[in-house]
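> Quick mapping for you: the protein sequence lines, in order, are chains S and B. The numbers in this note's numbering rise by one with no breaks, and the one at position 40 of the first sequence is 40. The numbers in this note's numbering rise by one with no breaks, and the one at position 115 of the second sequence is 308.
Be aware that one or more of the hints could be misleading.
In silico BS3-like cross-links for lysine-lysine, where the CA-CA straight-line distance does not exceed 30 Å [what the hints assert, rightly or not]:
hint, chain 1, residue 1, chain 2, residue 2
1, S, Lys79, B, Lys225
2, B, Lys205, S, Lys79
3, B, Lys225, B, Lys205
4, B, Lys205, B, Lys310
5, S, Lys149, S, Lys81
6, S, Lys79, S, Lys149
7, S, Lys189, B, Lys205
8, S, Lys81, B, Lys225
9, B, Lys310, B, Lys225
10, S, Lys81, B, Lys205
Label pairs and their in silico Cβ distance ranges [unchecked claim]:
hint, chain 1, residue 1, chain 2, residue 2, range
11, B, Ala275, S, Gly106, 27 to 35 Å
12, B, Ala275, S, His27, 24 to 32 Å
13, B, Asp330, S, Pro181, 40 to 48 Å
14, B, Leu226, S, Pro181, 26 to 34 Å
15, B, Arg282, S, Asn5, 26 to 34 Å
16, S, Ala104, B, Asp330, 18 to 26 Å
17, B, Val303, S, Gln99, 30 to 38 Å
18, B, Val315, S, Ser100, 32 to 40 Å
It is worth saying that the hints were derived from the structure and are not from the lab. Quick reminder that beta carbons are idealized off the backbone N, C-alpha and C, glycines included.
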Amino acid sequence: MVLENVGNRPIVSNLGPTTDELWHSGHRDRNFYTWGSMGLCSSIALGMALSTEEQVISLDGDGSLLMNLGAIATVGREKPKNLIVIVWDNEEWGQTGHQSSHTAMGTDLERVAQGCGISRTATVSSEEQLETALREALASPGPWFIVAKIEETDHLPYAPIEPEMTLYRFRATFPRASSNPLTEPWLQKPESS
Amino acid sequence: MTWAETLLAALKRADISLIAYVPDISIYQATKLMEDDPYFHVVAATREEEAIGVAVGAYAVGRRSAVFMQSSGLGNCINAIASLCLPCRTPIPFFVNLRGELGEFNIAQVAMGRASKPILDVLGLPHYTLTTVDGLDTILNGALDLCYASRQPVALCMTPLLHRGSLA
Ligand SMILES: Cc1ncc(C[n+]2csc(CCOP(=O)(O)OP(=O)(O)O)c2C)c(N)n1
Ligand SMILES: [Mg+2]
Numbered sequence: 001m002v003l004e005n006v007g008n009r010p011i012v013s014n015l016g017p018t019t020d021e022l023w024h025s026g027h028r029d030r031n032f033y034t035w036g037s038m039g040l041c042s043s044i045a046l047g048m049a050l051s052t053e054e055q056v057i058s059l060d061g062d063g064s065l066l067m068n069l070g071a072i073a074t075v076g077r078e079k080p081k082n083l084i085v086i087v088w089d090n091e092e093w094g095q096t097g098h099q100s101s102h103t104a105m106g107t108d109l110e111r112v113a114q115g116c117g118i119s120r121t122a123t124v125s126s127e128e129q130l131e132t133a134l135r136e137a138l139a140s141p142g143p144w145f146i147v148a149k150i151e152e153t154d155h156l157p158y159a160p161i162e163p164e165m166t167l168y169r170f171r172a173t174f175p176r177a178s179s180n181p182l183t184e185p186w187l188q189k190p191e192s193s
Numbered sequence: 194m195t196w197a198e199t200l201l202a203a204l205k206r207a208d209i210s211l212i213a214y215v216p217d218i219s220i221y222q223a224t225k226l227m228e229d230d231p232y233f234h235v236v237a238a239t240r241e242e243e244a245i246g247v248a249v250g251a252y253a254v255g256r257r258s259a260v261f262m263q264s265s266g267l268g269n270c271i272n273a274i275a276s277l278c279l280p281c282r283t284p285i286p287f288f289v290n291l292r293g294e295l296g297e298f299n300i301a302q303v304a305m306g307r308a309s310k311p312i313l314d315v316l317g318l319p320h321y322t323l324t325t326v327d328g329l330d331t332i333l334n335g336a337l338d339l340c341y342a343s344r345q346p347v348a349l350c351m352t353p354l355l356h357r358g359s360l361a
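The shape of chain B in the complex, shown without the other chains:
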């Protein structure tokens, strides 16, 4: 299985069927598969904090949800995490494509990419970095289990080592 197929299988295992996202080249491999799969309802949001709102709404009526974004989008949704997800204790996994990593070509992506994990740390949110398809299911299943057991968001940080930064 590719990393994206492994990821979809982990989402299904955890009963996650609503996905809210703002596009990014490297998460496209996964979001494209989800859009073609009737199991998922994929909501394109205009901004990442809106995606968090949609995901929280789904969870509030009993449907598990996840948010996909790139690291710049994490900057766009810090207050949504801090003032909604944390006080309400919503277990929502964030799939964050880390920019500013190996091979980054865009200076505008570097600072926010590098700030992402420290920001997650000060928010007290666990994060796991995905670098290879070997053992990926173990990390994903474990992180999703932790997310629901702790009823707090967990971040899964995707890197070019995993997806090569490419569309396919």
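Bound conformation, chain S alone:
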């Protein structure tokens, strides 16, 4: 559903089930999969949003965001209009054995975001609600922070991610990288071709 709505916009995915699901539901060059660096998904997306005019979508997780809540404070400080953070909040560290996370015990990530000065926020609990919120986010200036309450389902097989290849493929789709022969000679075509 997310992929159907976002077109060619860049997406960053949280390690674990989110990365696996993104790969299985639609691998594309503009998916920046993470397999480590727990907590940095939305920070990476912030760095992108500050460096491209395009809208950037972060697909984060409750456990990971809790590891780096400061990321939300920095989003609130920078306020990039083109950043949309979606947190898949299954209220658990799903990947590591379904231990209850702090959001199962009362931590409200939407209010954390509001407390960091992010005014465009939502908490949704169905696919229809998420689609409505996402469409609004895509159509209006952000930063947006959407908490998607989800039920944990069976995990898909690991996605066969190769980080260096992920970065290379992703990067080559941005003119700022691909058009600069001085800094990115390996992204240029030979003159004869």
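Dock chain B with the ligands against chain S, hints included.
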């Protein structure tokens, strides 16, 4: 030119325009100049590993970036380097102010400061120590060239010999 002006010139030569950092007294001379210069977008992060994430994001869409921190912050971002920068091969220079050096007054800074270079060594990352403004541009330009040619982070370690540990 002061060391900080030399550093800004080297960043511009290498086309580095996004700076992510957590403040430190001795890098302030440089980060202050960058904040006043519209060429740079300076992002204050809450923690050094977040700064690495922001820098990687910028690089991923084609903008060169660098991270400024003190050596205690290197301790805060080891996993970000090991699990993001190394597997993805992101050329991001780290400017690390080494604490625990000559004249250190704070015992809490000593162990992490002294552990910084060995940690960079086991991660396989080159590091260069900056002690004087003489020849500084040669080291900076060379290290930044190496960073992009190897597509791996390079650390530039700043010491009190360079900046006197002072704000200005
Ligand atoms: C620094 C670090 N600590 C712990 C882990 C182990 N770990 C991997 S995924 C994960 C849970 C992430 O939780 P969440 O972001 O909610 O994603 P979910 O698995 O629920 O989809 C943990 C704790 C890790 N990879 N890195
Ligand atoms: Mg979770």
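> Does 26 to 34 Å hold as the CB distance between Leu226 (chain B) and Pro181 (chain S), or does it fail?
About 30 Å separates the Cβ atoms of Leu226 (chain B) and Pro181 (chain S), which means 26 to 34 Å holds.
> Could you see if the CB distance from Val315 (chain B) to Ser100 (chain S) stays within 32 to 40 Å?
holds (36 Å)
> Sort out whether Lys310 (chain B) lies within 30 Å of Lys205 (chain B), counting only the CA atoms.
holds (26 Å)
> Could you check the hint for me, namely that Ala275 (chain B) and Gly106 (chain S) are 27 to 35 Å apart, CB to CB?
Taking Cβ atoms as reference, Ala275 (chain B) and Gly106 (chain S) lie about 33 Å apart, which means the hint holds.
> Can you confirm whether the C-alpha distance between Lys310 (chain B) and Lys225 (chain B) stays at or below 30 Å?
Since the Cα atoms of Lys310 (chain B) and Lys225 (chain B) sit roughly 26 Å apart, the hinted pair holds (cutoff 30 Å).
> Would the hint linking Lys79 (chain S) and Lys149 (chain S) be met if the CA-CA limit is 30 Å?
holds (24 Å)
> Sort out whether Lys205 (chain B) lies within 30 Å of Lys225 (chain B), counting only the CA atoms.
holds (16 Å)
> Please work out if Lys189 (chain S) and Lys205 (chain B) have their alpha carbons no farther apart than 30 Å.
holds (26 Å)
> Quick check on a hinted range of 30 to 38 Å for Val303 (chain B) and Gln99 (chain S), using CB atoms only.
Holds - the Cβ-Cβ distance for Val303 (chain B) and Gln99 (chain S), about 37 Å, lies within 30 to 38 Å.
> For the pair supplied as a hint, Lys79 (chain S) and Lys225 (chain B), confirm whether the alpha-carbon distance does not exceed 30 Å.
OK: Lys79 (chain S) and Lys225 (chain B) at ~21 Å, within 30 Å.
> Hint says 40 to 48 Å; check whether the CB-CB distance for Asp330 (chain B) and Pro181 (chain S) agrees.
Violated: the Cβ-Cβ distance is about 24 Å, outside 40 to 48 Å.
> With 18 to 26 Å as the target window, see if Ala104 (chain S) and Asp330 (chain B) comply at their CB atoms.
violated (54 Å)
Hint check: violations occur at hints 13, 16; the rest are consistent with the structure.
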